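Could you slot chain B onto chain A? The hints should help.
Chains as they are written, first to last, in our numbering: chain A, 1 to 434; chain B, 435 to 801.
Read the hints as simulated data drawn from the structure, not as lab findings.
Just so you know, these numbers come straight off a predicted model, no measurement behind them.
Positions of the beta carbon are idealized from the N, C-alpha and C atoms, including for glycine.
Some hints could be false.
[What the hints assert, rightly or not] Some residues of chain A that are not near chain B, with every Cβ distance over 12 Å (derived):
1) 123
2) 304
3) 397
[To be verified] Derived coverage of chain B by chain A (criterion: at least 3 residues anywhere in the stretch with Cβ under 8 Å from a Cβ of chain A; other residues may be distant):
4) 474 to 488
5) 632 to 643
6) 719 to 726
7) 784 to 793
[As the list claims (entries may be wrong)] Here are some chain B residues pointing at chain A (derived, C-beta under 8 Å):
8) 464
9) 520
10) 563
11) 570
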Amino acid sequence: MKSFTRFAIVSATVATGVLACTEQITSPASCPDFCPGGQIVTVESLLTTAISRDSTFRGYVEAHRAFMLLAATLPGLDSRPIFQTAPIAPRLPINAGGDTTTGPIVVDSSRLTFTLLRRDTAAHNLRLALYRLPLGLDSTSTFAGTAPGFAGTPVRVVNLDSLFAKAGGRDSVTGDSVLSVDSVRHAVTFSLKFDTTQIPFVVADSGQMGIGVRIMADLPTSAAFASGEIGTGPEITWFLRVDSAGTLLQRPAQRRLARFDGFVFDPPPAALDSNLTIGGVPSARALLRIAVPRAIRDSSQIIRATLILVPVAPIPATPADSFFLQVNHVAADLGAKSPIALDTLGPESALFGPGLSDTIQIEVTSLLRFWQFDTTSATAVYLRLLALDRADSVNLDGSEGSTFTALRLYSSRTPAFRPSLRLTFVRRFKFGEP
Amino acid sequence: MRDPRSGAIVVVLLAGAVVTASAQDSPFNVRGLGVPGRFESVRARATGGAFAAFDQLSVLSDVAVVDVASLTATAVGVASFLTDDLNGVRATRRTGRFPLFQVSGPLWHGVVLAGGFATYLDRSYRVVIKDTITLGGSGQAVTDNLSSDGGVTDIRVVAAKRVGRIAFGAGLHLLTGSARVVAQRLFTDTSAYRSVTQTDEVAFTGMGGSASAMLNLTRGLALTVYGRSDTRLSSQVRAATVAVNDLPITIGGAVRWQPAPEAAFAAAVTRRSWASAADSGAFNTTSWSAGAQLGSGSRPLRFGVRGGDLPFGPGGAPREFAVAAGTGLTLAGGRGVIDFTLERLRRTGGGLTETGWSVLFGLTVRP
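In isolation and in its complexed conformation, chain A is listed as follows (with noise of 0.2 Å):
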């Protein structure tokens, strides 16, 4: 009996030693009789001032480096996108081995291929007009500069829609075929069919060539190519033989990128003025500078912060152009030349399009709580306008300079409609008191 009683004891305060090390506390809430004296206490606050020294710069994506080559046939706007390719070797050896023979090559056909990123799919019966430029093409060259040559008679002229409609995306009869359509891009690669009279193989310019591109639609429209920059831009293939004292011998097409690409267009952007103006070509920035007041960043979180745009007006814009807005912070402010800084924090607008005159509301969250955790940090941000790439559930992705579009905002020299933040934010919470 007494070992039991024992042991019923002792396994009693084991038993409750072990419970002791757990806890679950949770009272239910009536308050103010049951809460604690300090309530969490949040504040909507609309900061008008806190943007300031604001400024527009452009120059950051010209044409030649921007991912898009942008065609367009518009009232207003011409843009015509031009490239010239690279030169391939005039003469090929003749045997394979350790000879070194060479003979001069002999071109049969060519081929130019093409990846068509954005379009207006209102405006019918696209097509293609391709012109020999003259050589020299570089980031210099001008609308005007280049007219003499898309005055001429076009190489060719391709009408996409009967191409891209046609079974398989082959035209046997001219030889053009679609080669792959990117369904989430919505972008088609193409290739192009030329004989030797209407791309000559010019040896003393080792197939060098200067080409042109017009669009034309049953209604002005729009497009958009892939350029160099992003790897996918205008190739020539050349199908060719070798001339071995008479014998044509069968050799590999020989592929190239174009050296350069980019594009013209008239007119040309409108020149800056006391407002912010952010996109277009060559692509504008404004640069803002926020000053959160000290009680907030220093002594509150911040739970929702809101950039508060105003257009100045209606977006004008072509119809096939989506867009964004985002914000990069940088990493030091210097002016135009500021960097962008390297991280993922990059709040973006939501998608739009032309017409838009609504306030535009970005969420700028994430980067105000980066602030109040890193004080160091200049609170200074780009806003960059990218027009639309790909998009999915999460996330947009766009390229600046790839529109023509430039947005018009008010700047902080209108103070009716000067960039606002609107901040929500809980005040520190007063720990201690009874």
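Same frame as chain A, but now just chain B:
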């Protein structure tokens, strides 16, 4: 021959688990300074606390240690299983605490010295509040979690000496401790609003002094009176004082009657002036207890009741009432003692009723 391993198991458990010193949690902890701890050993708690003023292992009165004949160490553990009913909303809680530890022993010339710690105020709670607030012109559902984990600990050094039929005791008390506090707001719409969590640590400091006397009126009848005065409780957050609260003066008395060696009865009453601790919602308290111990010293039966007020609550002082019973087990020829108590508690105030069971275990070692 008793198995010494049973005692060793409990020692190991206590050594691994004693991490905090505080009493059971309660919604009544939320308001004011918290809920005062109970300065009672497990065996005194079994009698409702009636024997605490005479109990060597309790820390209620300094003079109680005067009869300690050898080095003695004791520790207390509590596990509570509580149910709160607030206007029909029920919640259950489980808490575990180690609220008391003391070492005592004779020093010289009949002077007995003791030191240790006990929970002075418990500041542990967690409150979940669901609400809707207006942000951006629309209602946003939020959930607030407000919690505090910690309390104020009374670290004391006392001395006692017997002079004839009267014994005297006095002590110094250092009040210290901290509470980890968290305020968290969670938004249901996480796409628009980020959750916010603020944490800090509140440090408490204070001082106090106590004195007591025990008079053996007859062979079986003893009377103890005790008093204590604490200064102010300073609450600091990041070295900045955020609150200073008056602490109470405590006076009390207890009587013990032992008509036979295996039967003892006791009763006690204590008054504390908590009303000065806060501008509102603080009240002076009176608590009472009565209990008995029957049976042999190695296997006694103890039982008792207690009641009284809690110092902080909405509208008026919350009331509490408890009944308790317990026993003990002597090990290793009296060198180890395990005490065990089961208590049923009920607290009411401000529309809240708190009921529950507390299981207490105590280990006493006399090496």
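Against the structure, the hints:
The Cβ of residue 123/A lies farther than 12 Å from every Cβ of chain B, with a closest approach of about 37 Å, so its non-interface assignment holds. With a least beta-carbon separation of about 5 Å from chain B, residue 304/A fails to lie farther than 12 Å from that chain, contradicting its non-interface assignment. With a cut of 12 Å on Cβ distances, residue 397/A stays outside the contact zone with chain B, its closest approach being about 20 Å. A stretch counts as covered by a chain when three or more of its residues have a beta carbon under 8 Å from one of that chain; for the region 474 to 488 of chain B and chain A the count is 0, and the coverage is violated.
Counting residues of the region 632 to 643 of chain B whose CB lies closer than 8 Å to any CB of chain A gives 3, so the stated coverage by that chain holds, three being the minimum. Closer than 8 Å: that is the beta-carbon criterion, and the region 719 to 726 of chain B has 0 residues meeting it against chain A, so the requirement of 3 is violated. Counting residues of the region 784 to 793 of chain B whose CB falls under 8 Å from any CB of chain A gives 4; the rule of at least 3 is met. About 5 Å separates the beta-carbon of residue 464/B from the nearest beta-carbon of chain A, less than 8 Å, and the hint is met.
With a cut of 8 Å, the hint placing residue 520/B at the interface with chain A holds, because the nearest CB-to-CB distance is about 4 Å. Interface hint at residue 563/B: satisfied, since its Cβ lies 5 Å from the closest Cβ of chain A, which is below the 8 Å cut-off. A distance limit of 8 Å between C-beta atoms decides the matter here; for residue 570/B the minimum to chain A is near 7 Å, and the interface restraint holds.
Checked against the numbered hints above, the structure violates hints 2, 4, 6; every other hint is satisfied.
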